[in-house]
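Engineer: Single-letter residue listing:
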Amino acid sequence: MDKLTGTVLILTGCAGLLGCWYDRQKKRQRTVMAFVHLLSGWEYSLSCEKLRLSDFFARYKSPEPEVEKFLDSLLALVRARQCPTGGELWQMALSDARRSLDLDEALFEMLLAAGNAFFGTDQRENIACARASAVRLKEWLLRERTQFAQKQKVYLPVGMLGGVLLVIFLL
Amino acid sequence: MTAVSLLQYFPAALRERIPDRQLAEAEEIRVRVGQAVEILGKSGYVTDAVVEQSMLYEMLNYLTGYSLYALREEMRQGFFTIEGGHRVGLCGHVSYHGTDLGNRTDVLTQIGGLNIRVAREVKGCAKPLAPYLRNGEHIYNTLVFAPPGVGKTTFLRDCIRIFSAGEDGLRGLKIGVVDERSEIAACHQGVPQNDLGPKTDVLDNCPKEQGIQMLLRSMSPEVIAVDELGGEADYRALMQAAGAGVSILGTVHAGTKQEVYQKPKLGALLENGSWRLVRLVRNEEGEREIILYFPGREEGIWIS
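Chains as they are written, first to last, in the numbering used here: chain A, 1 to 171; chain B, 1001 to 1304.
Derived from the structure by calculation, the hints contain no laboratory data. Wrong hints could be hidden among the right ones.
Claimed, not checked - Between beta-carbon pairs, the in silico distance windows are:
hint: 1; chain 1: B; residue 1: E1083; chain 2: A; residue 2: S100; range: 30 to 36 Å
hint: 2; chain 1: B; residue 1: A1013; chain 2: A; residue 2: S73; range: 23 to 29 Å
hint: 3; chain 1: A; residue 1: D122; chain 2: B; residue 2: E1052; range: 18 to 24 Å
hint: 4; chain 1: B; residue 1: R1217; chain 2: A; residue 2: K61; range: 21 to 27 Å
Predicted model, so just to flag it, every value in this text is computed and none were measured. Cβ coordinates follow ideal geometry from the N, Cα and C atoms, glycine included.
Let the sequences and hints guide you as you build the complete structure.
Structural biologist: Okay, structure coming up:
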């Protein structure tokens, strides 16, 4: 009976670890997709409307709670009028949210550069930057999804096999 | 938004050097690169700190909500309006594009100075004049003129408020305002921040010519109010409105009555209809005086 319980616990633990990894990857992909949507919305706003940043951020709602929280903090900074330049403001908000958004170095740099789309002084340049940043993020997403599918194929059997081996060695 | 709250638009390094009291009395705030900040009001004030280029751009970021790109069109005209109806004028390097026949300002870059004209609501300032402008249940077509800085917009705003609310037992009039520069109503997200009375409809950020047509078609106003008439198109639209039985309340830049009549097209407009001209002047004590001109009398009468 003890061996059976131990086996179940070990296998559940392995499945749990795999589940965590899966959720984290999916969440990160959703976050990046939310930024792509944000940049697309901003590009539309720049092209067809003439909204100020604060009006856009106040109106825009992201389906991802962490991204929404990041946008709220950004809006608060815009209204506080404490950062001399928009670039500094974007960097400050992004650095604060880096952990909750789960951004690695490459993704952080990519999103940092995307800030020029919001805080440049020329509308056409902002549009071009928003478009280029969205494309870059989509490329990252495509790459990540391909790698994720490949990793999934390997991690799932290896993880469960590792669990079985642990059961054999430990019990 | 009070004048004191304008402090939030100053660069962080300068905020502590500007006393609230001076800001509360400010009529104009002038910021120039390489010079001290100058606050003009009842008593002038100059800060001890010199403005650097980076400070000016920091201030522009605060004034535009980090949205300089969104104000390019306004900046081509040399100014934009911020929350509260305060007007920010800009100076810098002007680039042109155009033909031999005429150049068009393309973009204003390398901004070297700005001037904030503080908007104020002075309720009651037009009250002494209001009975003279009444024409039974309606009002006469009225043009307020003065040089810049005397308070034409403030005066017009109070006229709108008085006639919209009704006074001395007379009913309020339906007033349509074309607020091209967002100075009269100081709309924020479509809602007027200044008191324009209960029966006033505002078209914000709309060119005067188009706005007058839109109001005539859609809002059936009894009075149309516009600020700073200038172009021939404005006068054409006004003529059409006056011909449709709508009274006009407007302002124009001019120092004397002769200057008003010398403006192309405006003279012809004034010849038709019973116009009242109101001249605002500042006396030696800095107080505003009102002179009313009406048909049949060459000289004006002093109202207050």
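Engineer: Now look at each hint and say whether the structure bears it out.
Structural biologist: We went through each hint and held it up to the structure:
1. B/E1083 <-> A/S100: 30 to 36 Å: holds (32 Å)
2. B/A1013 <-> A/S73: 23 to 29 Å: Holds, since B/A1013 and A/S73 (Cβ atoms, about 24 Å apart) stay within the stated range.
3. A/D122 <-> B/E1052: 18 to 24 Å: holds (23 Å)
4. B/R1217 <-> A/K61: 21 to 27 Å: Violated: the Cβ-Cβ distance is about 35 Å, outside 21 to 27 Å.
Hint 4 alone, counting from the list given before, is not met by this structure.
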